[in-house]
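**Q** For this one, chain A is given, so just place chain B with the ligands on it according to the hints.
Listed below are the residues making up each chain.
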Amino acid sequence: MKSGRFWAWFVFLMGAAYFFIPLIATIEFSLRMRRGVYSFDAYKVVLGDSQFQATFMFSVIVAVFTILLGVLIVVPTAYWIRLRLPQLRPIVEFITLLPLVIPAIVIVFGYIRMYGSNSPLPFLGSNLGANALLVIGYAALALPYMYRAVDTGLRTIDVRTLTEAAQILGAGWGTIIARVILPNVLIAVLSGAFLTFAIVIGEFTMASLLNRPAFGPYLQNLVANRAYEPAALSIIAFVITWGCMSLIQILSRFAPKSANRPN
Amino acid sequence: MAEPFLSIQHVRKSFGATTVVEDFNLDVAPGEFVSFLGPSGCGKTTVLRMVAGFEEPSAGKIVVGGKDITRLKPNQRNVGMVFQAYALFPNLTVAQNIAFGLKVGGMPKPDADRRVAEMLDMIKLPQMADRYPYQLSGGQQQRIALARAIAPKPKLLLLDEPLSALDAKVRISLREEIRSIQKKLGITTIFVTHDQEEALSISDRIAVMYGGRAEQVGTPFEIYNRPATKFVANFVGTLNVLEGKVTDAASGKVQVNSQEVSLKGKLNGSKSGDTLSLALRPEAISLGRQPGHDASLSGEIAEVHFLGSVIRVRVGIGGNTVSLDTFNNSTTPPPVVGDKADISFSSGDMLVLH
Ligand SMILES: Nc1ncnc2c1ncn2[C@@H]1O[C@H](COP(=O)(O)OP(=O)(O)OP(=O)(O)O)[C@@H](O)[C@H]1O
Ligand SMILES: [Mg+2]
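These protein sequence lines are chains A and B, in that order. For the record, in the first sequence the residue sitting at position 109 is 109 according to my numbering, with numbers rising by one throughout. Count along the second sequence starting at 1, add 263, and that's the number in my numbering.
It should be emphasised that the hints constitute simulated quantities derived from the structure, not laboratory data. Where is the CB? At the ideal position from N, CA and C, for every residue including glycine. Heads up, some of the hints might be wrong.
Unchecked claim - Computed beta-carbon distance windows for the label pairs: (1) B/Gly279 x A/Leu247: 46 to 52 angstroms; (2) B/Arg394 x A/Trp242: 32 to 38 angstroms; (3) A/Leu23 x B/Asp374: 57 to 63 angstroms; (4) B/Ala280 x A/Phe94: 29 to 35 angstroms.
Excised from the complex, chain A in its bound form (with noise of 0.2 angstroms):
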């Protein structure tokens, strides 16, 4: 009893020095910009970058469209395959885990091959369509977390027979899906938002391939060149990831119970 107490500790205690330790020598060093007092000026020079607002920028801005774009192709096909296909569960399941298997890499050459500006469809040929094919690629990537989310949540309500009450209450797929079906996923929708958030910010492979100016490239130039501000820029990704952690929880307690609350 005693002694399982003392090995529950140290495997406890051990995890923790193992989370913990980096991140402290990580703070601590970034702190030390100045020579000999500890100061924030590894911060100012990384938030006073006009390289990093406008990167940040960037970043923050194809996130929202690749939420937007995974949650517009996400929701309906796991509310479908709930409803009428439960048999090609299995199969969308495996597609949606591809991205974890195949390198961002692989999906990046492809593109260049497939849209580059002397191809029949010259995507590349513009920013915007720059822009565009790297929210698509993202959505991919994120594939895996949106649609886990999103069937999770599903499976927390009567799919079937909420989708009929609405049809013989005259609601066509559009309402269906916009007022019964996605307000009853809300938080496994914005958990799955969230990581696809986490995931669009620090992605680099893509992102330098496609030369987009975004926060990945940046950050990575700046490891290689820096030596204070990376460390000031890592800890405040990881604020911004625990801030986004943070916010689901906080969401999911704001929530009407009911949503996670099937008859």
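**A** For chain B with the ligands alone, coordinates are given in the frame of chain A:
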């Protein structure tokens, strides 16, 4: 019947190779309350879902108000439906649930609000408008579901075992309420149940279903007292079935355990020597010979169960056992197992099962 409001004509439904509804026919008059009664898996829900438009018939047609709606989508049918599992939208309040159909139908908000208030009054839950479904009891949820179904003034109301998830007391009070609302609004209604008491107590007519067919359609009185088939007789109410042998088909003479019973005019189609199933309701039988009863059989008391106000007695007649109830009377001692006893009944109450 005058012009039927709902007419289900020769409807068949197959899922792959299995046919679950076969040549189903039913006419429902305007404002009529018809129950589908039958055992689990007999196709009640399937027929209801075809009327609602959730399933498409494999053959036959469904006509409402003179219009063929067989291929119409559910959201174009103007039908109200109440589900066994309530199916309230969990993200919407009670008022928003009731307003759902009105909003979808494009009713202006002030009118919709008025209608919602009216509905909440009708189901006697006006103070619940802002609650969420999970804050309500099952009975309250089902009343909200009823209000939601009725709010858009549908031409037809379909209820699929709306009471079976509720406890006994609520079930009885809610079925009375459903019936009184239905009568007041005069809305044509189909009510699915596998509870015979429920069907008998609130229906204008009952369609007893078995194996995907309507075995008999009739008033509760007809269904109970003149069951058309063996299945209906057995399924509705308690029934004593006796084996009989036709001795003289022309004059209606039948032997049960070598004792003769005369069943004039009931043996249509049977020949002398045929074996028949004869049935008697427990309440049609008396212990001992009673004035007014023209038929009797002799046997032996097999079991006596004291149930309080009534005593259930089982009498063995040859290989048959007959159940009957007698009122408990404090001055007469109950029958004793093993005693000889006669039972009597009116031959008109004896059913010949085909
Ligand atoms: N979508 C379907 N695919 C295949 N078979 C089905 C389908 N829906 C119903 N069935 C079958 O049709 C038969 C009738 O089903 P139905 O739900 O109409 O019965 P029911 O009378 O409503 O029974 P219960 O009282 O249990 O609700 C059942 O044997 C059922 O298995
Ligand atoms: Mg059913």
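**Q** Next, verify each hint and record whether it holds.
**A** Structure-based check of all given hints:
At roughly 48 angstroms, the beta carbons of glycine 279 of chain B and leucine 247 of chain A sit within the given window of 46 to 52 angstroms. Under the hint 32 to 38 angstroms, the C-beta atoms of arginine 394 of chain B and tryptophan 242 of chain A, about 36 angstroms apart, fit the expected range. As the Cβ distance of leucine 23 of chain A to aspartate 374 of chain B is approximately 60 angstroms, the hint placing it in 57 to 63 angstroms holds. Hint check: alanine 280 of chain B to phenylalanine 94 of chain A, Cβ distance near 30 angstroms, so the stated range 29 to 35 angstroms holds.
Of the numbered hints given earlier, the model fails none.
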